[in-house]
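Okay, here's what each chain looks like letter by letter:
2 protein chains.
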Amino acid sequence: MRALIIHCHPEPASFNAALTDVSVRTLRDLDHAVEISDLYAEAFDPVERPGHFRPRKDRTFFSALAEQRHASETEALPAEIHREIERLERADLVIFQFPLWWHGQPAMLKGWFDRVLVNGGLYTSAMRYDRGYFCGKRAICSVTTGAPASAFGPGARGGDIDHLLWPLHYSLHYVGFSVLPPFLAFGIQGHGYAYQSETGFASRLDALRAQWAGRLKQLGELPALRFPGWDDWDDAGAAKPDFATGI
Amino acid sequence: MRALIIHCHPEPASFNAALTDVSVRTLRDLDHAVEISDLYAEAFDPVERPGHFRPRKDRTFFSALAEQRHASETEALPAEIHREIERLERADLVIFQFPLWWHGQPAMLKGWFDRVLVNGGLYTSAMRYDRGYFCGKRAICSVTTGAPASAFGPGARGGDIDHLLWPLHYSLHYVGFSVLPPFLAFGIQGHGYAYQSETGFASRLDALRAQWAGRLKQLGELPALRFPGWDDWDDAGAAKPDFATGI
Chain U
1 MRALIIHCHP EPASFNAALT DVSVRTLRDL DHAVEISDLY AEAFDPVERP GHFRPRKDRT
61 FFSALAEQRH ASETEALPAE IHREIERLER ADLVIFQFPL WWHGQPAMLK GWFDRVLVNG
121 GLYTSAMRYD RGYFCGKRAI CSVTTGAPAS AFGPGARGGD IDHLLWPLHY SLHYVGFSVL
181 PPFLAFGIQG HGYAYQSETG FASRLDALRA QWAGRLKQLG ELPALRFPGW DDWDDAGAAK
241 PDFATGI
Chain C
1 MRALIIHCHP EPASFNAALT DVSVRTLRDL DHAVEISDLY AEAFDPVERP GHFRPRKDRT
61 FFSALAEQRH ASETEALPAE IHREIERLER ADLVIFQFPL WWHGQPAMLK GWFDRVLVNG
121 GLYTSAMRYD RGYFCGKRAI CSVTTGAPAS AFGPGARGGD IDHLLWPLHY SLHYVGFSVL
181 PPFLAFGIQG HGYAYQSETG FASRLDALRA QWAGRLKQLG ELPALRFPGW DDWDDAGAAK
241 PDFATGI
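Protein sequence lines correspond, in order, to chains U and C. Every letter in the first sequence is one number past the one before it in our numbering, and letter 113, counting from 1, is 113. Every letter in the second sequence is one number past the one before it in our numbering, and letter 37, counting from 1, is 37.
Treat the hints with caution; some may be incorrect.
Identical copies look the same in the list; a pair holds intra-copy or inter-copy alike.
Stated by the list, open to error - With a Cα cut of at most 20 Å, we get these calculated EDC-like pairs of lysine to aspartate or glutamate:
| no. | residue 1 | residue 2 |
| --- | --- | --- |
| 1 | K57 | E73 |
| 2 | K217 | E35 |
| 3 | K240 | D160 |
I should point out that these hints are in silico values taken from the structure, not numbers from a laboratory.
Given the sequences, and given the hints that come with them, work out the whole structure.
If you want it as structure tokens, here you go:
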């Protein structure tokens, strides 16, 4: 198996970096090949904009979707997007390692979706969801949060974590990934931050390392999250009357 | 009344730009003052990272929250963050104008949340939600989507739009805003994109302009969305047993 880790954290000594190290070691011990997209270290530019497309399909009006499609068709995607897509092509499993910032992924990682999952190349109106480009590949989010687990439930202070991650998970489903249940490390505060002592940092990290390594070894047995697919929708994209997942 | 428009679109001739023009004209006709943060035009940097903080509170370990708090306390926030906060301070109403990209706001706008809503300055553990810094101010999202309205409901192909916007709305609630129901312009494709003719673009735009102007004139009468608050949570942040909003 080949794994790709999309790592998104600005601090090399962070909990997130430690969890990525665990991923690398655990997966290599299992004889899997591992690649890393270290978005901050590689200075990935998360902003989709006209300057990324040369030559432009239309110089008078910038449509991100039209330019992505044109660049895909003419093999003129920016080098870093081409690189990310090649990494995805090689991977059987993609791990997204990031902290929850403002109820979602950091801008750096949001922009990875905006720019890398290109229209025309990785999806079309017909090639999406359970007919998506990456069908057969699996993805999992490994997420740290500042607030404790008790604050993440329906009606709770931090919101329902399944709900908060649903848009990101659905984006992965959109391009065909089977999305595994996330690994959640609650109550993580960078050391140096007021709430966390050095000792607390180290012991919490040891516990999390073991938990995450354990999860990685069991990934093959985990059932994927359930999302609606083409059989659930009418031609207008609405849910058929007999379909009711709630979200 | 004073309004601030956080405008996030890379194309000056886009539907989004047209809707922002409508906001400016309509609100000024009503004798309101209007400011615009045009994130793309101002080349806002959405990536929170160590380089934004000089001097650093801790040079050996980067914690975004700790550095934000320190920079707030020492009045050392980056100039563009200081400017955005001053704009927010002046506003009674904040309009977020953006396209839905990958089930959320574009990275550019996500990074506005990551960087502008600074720890220490605009929130603390005690100054959040219905005790938030911006209590008394209102916010509204005006959002364009590529897919048609039929594709955005529970179980539908594009997802439940209320669900998709919930994380962003909850971030606004977190800092105290009263969040008004969003204005949704479905089925918008930039001209130049395959699905949209020039004629279709113009007539759809005319209809939307009128709808959005009408909504802006009624903002004072709109009840805010309901979110849980401090009375709904126990000390650990969990929802009290008698509280059940579902999300």
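Do the hints match the structure? See the list:
no.: 1; hint: K57 <-> E73; result: within (11 Å within a copy, 48 Å between copies)
no.: 2; hint: K217 <-> E35; result: within (17 Å within a copy, 53 Å between copies)
no.: 3; hint: K240 <-> D160; result: between (26 Å within a copy, 14 Å between copies)
In this structure, none of the earlier numbered hints is contradicted; all agree with it.
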